[in-house]
Amino acid sequence: MSFPITYIEAGSGPAVIFLHGIGGDAEAFSKQVDYFAREHRAIAWNMPGYRGSDLLDPMTFPGLAKALLSLMDHLGIDKAHVVGHSIGGMIALEFAATYPDRVLSVVLAQTSPAFGRPDGDFQKQFIADRLGPLDAGQTMAEIADEVIATFFGPNAAPADIEVARKAMAAVPEATYRAAMHCLVAFDRRDALSNLSVPTLVLAGEKDSNAPAPMMERMAGKIPGAEYACMAGAGHLANLECPEAFNDAIGSFINKLKN
1 MSFPITYIEA
11 GSGPAVIFLH
21 GIGGDAEAFS
31 KQVDYFAREH
41 RAIAWNMPGY
51 RGSDLLDPMT
61 FPGLAKALLS
71 LMDHLGIDKA
81 HVVGHSIGGM
91 IALEFAATYP
101 DRVLSVVLAQ
111 TSPAFGRPDG
121 DFQKQFIADR
131 LGPLDAGQTM
141 AEIADEVIAT
151 FFGPNAAPAD
161 IEVARKAMAA
171 VPEATYRAAM
181 HCLVAFDRRD
191 ALSNLSVPTL
201 VLAGEKDSNA
211 PAPMMERMAG
221 KIPGAEYACM
231 AGAGHLANLE
241 CPEAFNDAIG
251 SFINKLKN
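In my numbering, the protein residues as written are 1 to 258.
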């Protein structure tokens with residue numbers, strides 16, 4: 001019987017697990033997997049509903065955190081450095097708050113501790129804006145063509161934009177809808193002051209989806225958290241400036257060895 005979550009991995013040593021955003025997939029972290037596999041067991045999952053991973057019904061953050069726990073158990077990983085980007089960062093926060101004994105450290109990359117409440121006016125408008133094109137008959141590929149470039153900073157290479165476009169275009173419509181409705185229900189601000197694992201909050205200077213000032217305030221609410229901001233980076237810094245992204249995370253993890 002096949003396992004319900006697909007993933008890529010390389011290397012051996014302490015585990016580092018990468019969790020992608022709503023429009024991403026495991027391959028979007030290929031530059032991170034290659035880099036960290038030099039000294040670690042580097043893994044990037046396909047979030048439930050993505051690239052052959054079974055969709056959760058309903059999709060909830062506790063359910064996604066449990067799915068990550070299941071993957072770690074499947075791979076025989078007791079503890080891991082968990083790196084979450086965007087909605088993946090929300091999953092990472094949920095996981096670290098729920099299962100701190102399974103976490104070596106957590107990196108909250110270009111994310112937020114809360115989106116709000118599903119019945120709020122802003123959240124309702126957000127859902128309408130994001131899902132309206134699908135309701136009007138557009139495909140995920142057409143949506144990706146329109147929006148993906150807006151997630152990058154001014155120095156992004158066309159090849160990296162194309163990687164992100166293809167990833168978003170491949171997201172099943174049902175998964176995208178479920179992820180959007182899951183997203184607007186997220187609020188784990190209560191967990192920040194009680195987070196008990198080493199934490200890096202990683203922002204992009206030009207990221208309008210998870211603005212750096214907001215992320216710096218979030219870091220200030222987590223005991224002992226480190227904060228770093230990548231100069232010139234948009235929302236998809238793992239693709240746009242992988243060297244800065246990898247260096248920030250690698251330096252943080254390496255300090256924990258001492």
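If you are wondering where the hints come from, they were derived from the structure by calculation, not from laboratory data.
Among the hints, a few may not be true.
Straight-line alpha carbon distances no greater than 16 Å define the calculated EDC-like cross-link-like pairs of lysine to aspartate or glutamate that follow [unchecked claim]: (1) Lys31 with Asp160; (2) Lys124 with Asp135; (3) Lys257 with Glu39; (4) Lys221 with Glu173; (5) Lys31 with Glu9; (6) Lys66 with Asp54; (7) Lys166 with Glu146; (8) Lys79 with Asp101; (9) Lys31 with Glu243; (10) Lys257 with Glu243; (11) Lys31 with Asp247; (12) Lys166 with Asp78; (13) Lys166 with Asp187; (14) Lys255 with Glu39; (15) Lys66 with Asp101; (16) Lys255 with Glu226; (17) Lys31 with Asp145; (18) Lys206 with Glu216; (19) Lys221 with Asp187; (20) Lys166 with Asp145.
Cβ pair distances, simulated, as ranges [said to hold, decoys possible]: (21) Ala128 with Asp101: 39 to 47 Å; (22) Asn246 with Pro158: 19 to 27 Å; (23) Lys166 with Ala136: 17 to 25 Å.
Nothing here was measured: the structure is a model prediction, and the numbers come from that model.
The beta carbon of each residue, even a glycine, is placed where N, CA and C say it ideally should be.
Here is how each hint holds up against the structure:
1. Restraint check for Lys31 and Asp160: the C-alpha separation of about 11 Å stays at or below 16 Å, so the hint holds.
2. For the hint linking Lys124 to Asp135, the alpha-carbon distance of about 15 Å falls within 16 Å, and the restraint holds.
3. Straight-line distance between C-alpha atoms of Lys257 and Glu39 comes to about 12 Å, which keeps the hinted pair within the 16 Å bound.
4. The suggested pairing of Lys221 with Glu173 is violated, with an alpha-carbon distance near 36 Å, which exceeds 16 Å.
5. For the hint pairing Lys31 with Glu9, the CA-to-CA distance comes to about 12 Å; that is within 16 Å, so the pair holds.
6. For the given pair, Lys66 sits about 13 Å from Asp54 by alpha-carbon distance, which is consistent with the 16 Å threshold.
7. The straight-line distance between the Cα atoms of Lys166 and Glu146 is roughly 12 Å, inside the 16 Å bound, and the hint therefore holds.
8. Between Lys79 and Asp101, the direct Cα distance comes to roughly 7 Å. Compliance with the 16 Å bound is thereby established for this hinted pair.
9. The suggested pairing of Lys31 with Glu243 holds, with an alpha-carbon distance near 9 Å, which does not exceed 16 Å.
10. A distance of roughly 21 Å separates the Cα atoms of Lys257 and Glu243; the hinted pair therefore is violated under the 16 Å criterion.
11. Pair hint Lys31 plus Asp247 holds up; C-alpha atoms about 12 Å apart against a cutoff of 16 Å.
12. Proximity of Lys166 to Asp78 is assessed by CA-CA distance (about 33 Å); at most 16 Å being required, the pair is judged violated.
13. Of the supplied pair hints, the one linking Lys166 and Asp187 is violated, its CA atoms being roughly 30 Å apart against a limit of 16 Å.
14. Between the alpha carbons of Lys255 and Glu39 the distance comes to roughly 14 Å, so the proposed pair stays at or under 16 Å and holds.
15. Only pairs whose Cα atoms come within 16 Å are accepted, and Lys66 paired with Asp101 is accepted, the gap being roughly 14 Å.
16. Between Lys255 and Glu226 the CA atoms are separated by roughly 11 Å; this keeps the pair inside 16 Å, and the hint holds.
17. For a cut-off of 16 Å, the pair hint linking Lys31 to Asp145 is broken: about 23 Å separates their Cα positions.
18. Taking the CA atoms of Lys206 and Glu216, the gap is about 14 Å. The hint holds against a cut of 16 Å.
19. A hinted pair counts as satisfied when its Cα atoms are at most 16 Å apart, and Lys221 with Asp187 qualifies at roughly 14 Å.
20. Pair hint Lys166 plus Asp145 holds up; C-alpha atoms about 9 Å apart against a cutoff of 16 Å.
21. At about 40 Å, the beta-carbon gap between Ala128 and Asp101 stays in the expected band of 39 to 47 Å.
22. About 21 Å separates the C-beta atoms of Asn246 and Pro158, a value consistent with the hinted range of 19 to 27 Å.
23. For Lys166 and Ala136, the Cβ-Cβ distance of about 23 Å falls inside the hinted range of 17 to 25 Å, so the restraint holds.
In summary, the structure is inconsistent with hints 4, 10, 12, 13, 17 from the numbered list given earlier, while agreeing with the others.
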